[in-house]
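Peer 1: Chains A and B supply the protein sequences, listed in that same order.
Its first residue numbered 97, the first sequence is counted upward by one per residue in our numbering.
Its first residue numbered 2, the second sequence is counted upward by one per residue in our numbering.
Don't read these hints as lab results, they were simulated from the structure.
Note that the Cβ used here is the ideal one computed from N, Cα and C, for glycine as well.
A couple of the hints might just be wrong.
[Stated by the list, open to error] Anything over 12 angstroms on all C-beta distances counts as not near chain B; from chain A, calculated:
hint	residue
1	I134
2	E160
3	T255
[Unchecked claim] Straight line, CA to CA, 25 angstroms or less: simulated BS3-like cross-link-like pairs of lysine-lysine:
hint	chain 1	residue 1	chain 2	residue 2
4	A	K237	B	K81
5	B	K89	A	K228
6	B	K59	A	K251
7	B	K89	A	K256
8	A	K228	A	K251
9	A	K240	B	K121
10	B	K97	A	K240
[Unchecked claim] Derived contacts from chain A toward chain B, CB cut-off under 7 angstroms, selection only:
hint	residue
11	L156
12	V190
13	G244
14	P252
15	R254
16	K256
17	I257
18	E258
19	D260
20	D261
So you can see what is in the structure, the chains are spelled out below.
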Amino acid sequence: MKLRSKICCHGLLATLLLALSPAVMSDEAKTVIGPSNIDLYDGANALMAGDGEEGVRRTLRGLELAQGARELIIAHSNLCAGYLLTNQPAQALVHCNWVLERDDRHWRTYNNRALVYMRLERYEEAEEDIRKGQELRPGSKNLKIVKGMYLDETKPVRTKIEVDDRRSATEEPADEPPGDESN
Amino acid sequence: MSRQVMSPTRESAKLLFLAVIACALTPTMYAGDDQESPPGTADTERTPLHTVIPEYPKIARRDRIEGEVQVCFDITREGKTRRIAVRKSTHRLFEKPAIRAVRASFYAAIPRDLEVPAIKACRTFRFTLEPVVVEKEN
Numbered sequence: 097m098k099l100r101s102k103i104c105c106h107g108l109l110a111t112l113l114l115a116l117s118p119a120v121m122s123d124e125a126k127t128v129i130g131p132s133n134i135d136l137y138d139g140a141n142a143l144m145a146g147d148g149e150e151g152v153r154r155t156l157r158g159l160e161l162a163q164g165a166r167e168l169i170i171a172h173s174n175l176c177a178g179y180l181l182t183n184q185p186a187q188a189l190v191h192c193n194w195v196l197e198r199d200d201r202h203w204r205t206y207n208n209r210a211l212v213y214m215r216l217e218r219y220e221e222a223e224e225d226i227r228k229g230q231e232l233r234p235g236s237k238n239l240k241i242v243k244g245m246y247l248d249e250t251k252p253v254r255t256k257i258e259v260d261d262r263r264s265a266t267e268e269p270a271d272e273p274p275g276d277e278s279n
Numbered sequence: 002m003s004r005q006v007m008s009p010t011r012e013s014a015k016l017l018f019l020a021v022i023a024c025a026l027t028p029t030m031y032a033g034d035d036q037e038s039p040p041g042t043a044d045t046e047r048t049p050l051h052t053v054i055p056e057y058p059k060i061a062r063r064d065r066i067e068g069e070v071q072v073c074f075d076i077t078r079e080g081k082t083r084r085i086a087v088r089k090s091t092h093r094l095f096e097k098p099a100i101r102a103v104r105a106s107f108y109a110a111i112p113r114d115l116e117v118p119a120i121k122a123c124r125t126f127r128f129t130l131e132p133v134v135v136e137k138e139n
């Protein structure tokens, strides 16, 4: 099965990482209840629900109103995820690059850009992003899943299970006979 | 005129010896992704009737982990497996599938009139991954 179709539907949503709503609340506005940028918040929720088009539309609106570097990074990061969800990897790449040019420790974006590169069949760059992401976030389940997808695409394997009873004769006898021996 | 008659004790000892040899010659079985369960072929009273092949753990496959588990167990007169325990294991991921597979497997029952000592068997599962060559579309 081609990765393109595999990533396209259900699998992608599980592996995409969004910079979500609580982070949208600005650090200064401690007393504000709710998100400071409602469009970014709703856009992220739409993306989480798998509605790529609505997610992109709301996030773009949120980007126009974004205040501060943090909101900008969240907006671009989510746009990268959104465009990938809507099957526009070239557009997604622009936004992932925007984030990583400004924050090269944003492991979520490395995760998402690796998926973008895989969609574009740029596997070496995908591998490099997975490696960087895992350096920044060792043990991330998402990055492991993405790496698994990358390996399935570049180095597919078939499972093989061998059952070997040959040593059974050399094993020591049971400590005690099984309970239902005396039938 | 003298006739050579084999004593019952000697006969049963010979039977047991044959059973042990046959058990040692039980062939190794393989299964790929299709998870087929080949029938037992050993000519012994502890002939495996149904050998369940464990599933390759998804996480192990994803992370490209290979390994080996040896599970030891008792075989009841009815041919059921019991007191299943892991004896050797290279990775914990493989232990549960191996135990489940042994639990679901069974052997030929021993006839009521035959006296056979308790049998403890061990089964080794080797989980490996083989590269697959895929032809890319043009």
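Peer 1: If a hint holds in the structure, say so; if it does not, say that too.
Peer 2: Results for each hint:
no.	hint	verdict
1	I134	holds, 38 angstroms
2	E160	holds, 40 angstroms
3	T255	violated, 4 angstroms
4	A:K237 to B:K81	violated, 39 angstroms
5	B:K89 to A:K228	violated, 36 angstroms
6	B:K59 to A:K251	holds, 16 angstroms
7	B:K89 to A:K256	holds, 19 angstroms
8	A:K228 to A:K251	holds, 20 angstroms
9	A:K240 to B:K121	violated, 40 angstroms
10	B:K97 to A:K240	holds, 22 angstroms
11	L156	violated, 34 angstroms
12	V190	violated, 27 angstroms
13	G244	holds, 4 angstroms
14	P252	holds, 4 angstroms
15	R254	holds, 5 angstroms
16	K256	holds, 5 angstroms
17	I257	holds, 5 angstroms
18	E258	holds, 4 angstroms
19	D260	holds, 4 angstroms
20	D261	holds, 4 angstroms
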